Structure formats: structure tokens, C-alpha cells
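Enquirer: Each chain, written out:
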Amino acid sequence: SQQGEEDPQALSIQEGENATMNCSYKTSINNLQWYRQNSGRGLVHLILIRSNEREKHSGRLRVTLDTSKKSSSLLITASRAADTASYFCATVWYNNNDMRFGAGTRLTVKP
Amino acid sequence: DSGVTQTPKHLITATGQRVTLRCSPRSGDLSVYWYQQSLDQGLQFLIQYYNGEERAKGNILERFSAQQFPDLHSELNLSSLELGDSALYFCASSPTDSNQPQHFGDGTRLSIL
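These protein sequence lines map, in sequence, to chains A and B. So the first sequence is numbered by our numbering: it starts at -8 and just counts up by one. So the second sequence is numbered by our numbering: it starts at 131 and just counts up by one.
These are calculated hints, taken from the structure and not from any lab test. Note that the structure is a prediction, hence the values are computed from the model and not measured. Hints are not guaranteed to be accurate.
Unchecked claim - What the simulated footprint calls covered on chain A by chain B, stretch by stretch (three residues with Cβ under 8 Å from a Cβ of chain B suffice, anywhere in the stretch; the number is not a length):
no., segment
1, 14 to 24
2, 34 to 40
3, 90 to 99
Beta carbons are placed, not taken as given, at the ideal position from N, Cα and C, and that holds for glycine.
So that you can see chain B by itself, here it is in the shape it has in the complex:
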């Protein structure tokens, strides 16, 4: 058990819809990272938050947004969903930054019909 909790585990929705993925980091970790894993794109870094503030941005689409709340949990919002957004979305956490190991949740599998 990594200590990182992601909900929901599975999500099925339709094109054009909006969903919110939730992540609770390991106790004591201040940084949260979001990744997207798909068969054609592999594992892509989306965004990192540190103690409530955006720290680094990767290949995140404008239709996607994230935030980290005062209790350090994070949410990833995906809107105007397209078929190509179907993927596994992982959250990871670390004490401060990427110079430390990241601990991953089990992911949310998003299926767009």
C-alpha cells in the first residue's frame, strides 16, 4: 500500500462531459503529481502541485485543470471529454519535489463512450 488514495477507481462517461478525479497524498507529503497513461502516448506527466501552488506543468491540455486544497488533497478536472481522453490517470506524491521517490496511487481508469 503506497498510502496514496485515488477515487473513483473506474469512471465511464460520454463525450463532452466533465469529470473530477480525486487524490489523497501520503501523510506528510506536500507535492502531488498527476500523470496520464495510455497505450499510444505512454506515461505522460500532466502537472505538479506543491503545498497548494502549481509547481510544474507538463503535457496538460487546456481542457484539463487541477488544484490542491489546504488539506493537501488534489483534484484533476477533465472537461469537454473526447474519446482520446480514455486512459489511466495516476496521482503520485512525494515529501517535497522530484528529487525524491514518488509514491503512486492505483489510478482511475477513465473510459469515454
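So that you can see chain A by itself, here it is in the shape it has in the complex:
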């Protein structure tokens, strides 16, 4: 399957701490994207990283991509209670046009 698989399934931290979520996949990809979903709402795009990129930053977010290990990580620094949400990685297969989501990581940030 070309779906990404997130790890851990759930993560609980204190405000101010960093949160790291990992994503692994099985096929060659064109790009990998991270999305956030607040309970019952639509997904919000966070970062897109292409297969020829190794790291991208956006505010408190840092995404890395290791194509040799077929894995990516999302780091949220100095977390806030408002960061509480589910985070999904999505992979776009190299020779395909559809995007496949993993099962997500449920992040809880305690004030």
C-alpha cells in the first residue's frame, strides 16, 4: 500500500514541549504532505515536501524527509494547547495522481 503510517497513534505532552510525529510509507513518492484536523472539521494543509527536498520549515513546524528510509517526521516546537488536533501525513505516489492518507497521530497538548 502507498499509504503513510503515522507513529505514534497518540501523543500527550505539556504546553511548551516539542512534539514529534513520524510517517513511514512503502512506495516511491512524488511528494509528502502533512495535514491537521481539529475534531470533526476539515483538514488543513500544513507543509508539502517534494521527494528531492530533505527539510522544510514553516513557523514552529519542521518537516524532514528521508527517501532512503521512506520516512518523514513532523516536529512542532514550543507546543500550545491550540495545537491539540489529529495530524495526518499523505503521500502522492510517484506515478499516480491520488493522495493517500495514513491513520493519523492524535496530539493532545495539556495547558
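We have chain A; now place chain B onto it with these hints.
Expert: What follows is chain B alone, placed relative to chain A:
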């Protein structure tokens, strides 16, 4: 606000019935994607349309169909509904394809009684 509008927000119906979900993409976006999110299956890609034509197909059942109209809005038709079809159905749009970020609507929550 993502700019993607989905209607209705909630839909309650019975088994065997047929429903239509509607999506208006962000202004200027040519691609529309449909996803189903349920507790047991997670977020599943159903189908993509680009400028009125089907571009990619995912885990879409034969009882489901979609189309994109000349004004670029899209409809997802679900027929012969079963209890297992109860889920959140999301529409997303992007300028052209999956090499760009997708913008999601707030979804239609479908409940089958």
C-alpha cells in the same frame, strides 16, 4: 476559511436511499477530490475530477458516483445506502493536481438509520 463549500453539513437518511452531496471548490481551482472518513476505515480517497473529467479513482464503491460540472462544482451521489456508509464525506480542491496542497471543506456528515 478554506474557500471550499460543502452542502449539506448534515444528512440523515435510511438504508436503501440515495443522496447527493455538493461541493464548490476554491475560486480558480480546477481539481476536486472526494474523501470518506470513518472510524474503522480512516480517511479514504474516493475520486478526483479535473476540469470536468475524471482524473483518478480510489476506493470508490460502484454504488457511488461523482461528476464535475462546467462551473467546476462537483456532486457525489451515493445510492442504495447501507449502514456502513455512515461517515464524514470531505471535498477538497487544488489548482491542478496532487503536487499542490489541497484545501478541504468542512465535510458532510452522513448518518444512515
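Enquirer: With a C-beta cutoff of 8 Å, work out whether three or more residues of the segment 34 to 40 of chain A approach chain B closely enough for the coverage to hold.
Expert: holds (count 4)
Enquirer: Counting residues of the segment 90 to 99 of chain A that have a beta-carbon nearer than 8 Å to any beta-carbon of chain B, does the count reach 3?
Expert: holds (count 6)
Enquirer: Please verify the coverage claim for the segment 14 to 24 of chain A: does it have three or more residues whose C-beta sits within 8 Å of some C-beta in chain B?
Expert: Satisfied; 3 residues make the cut.
In the structure shown, no violation is registered for any of the earlier numbered hints.
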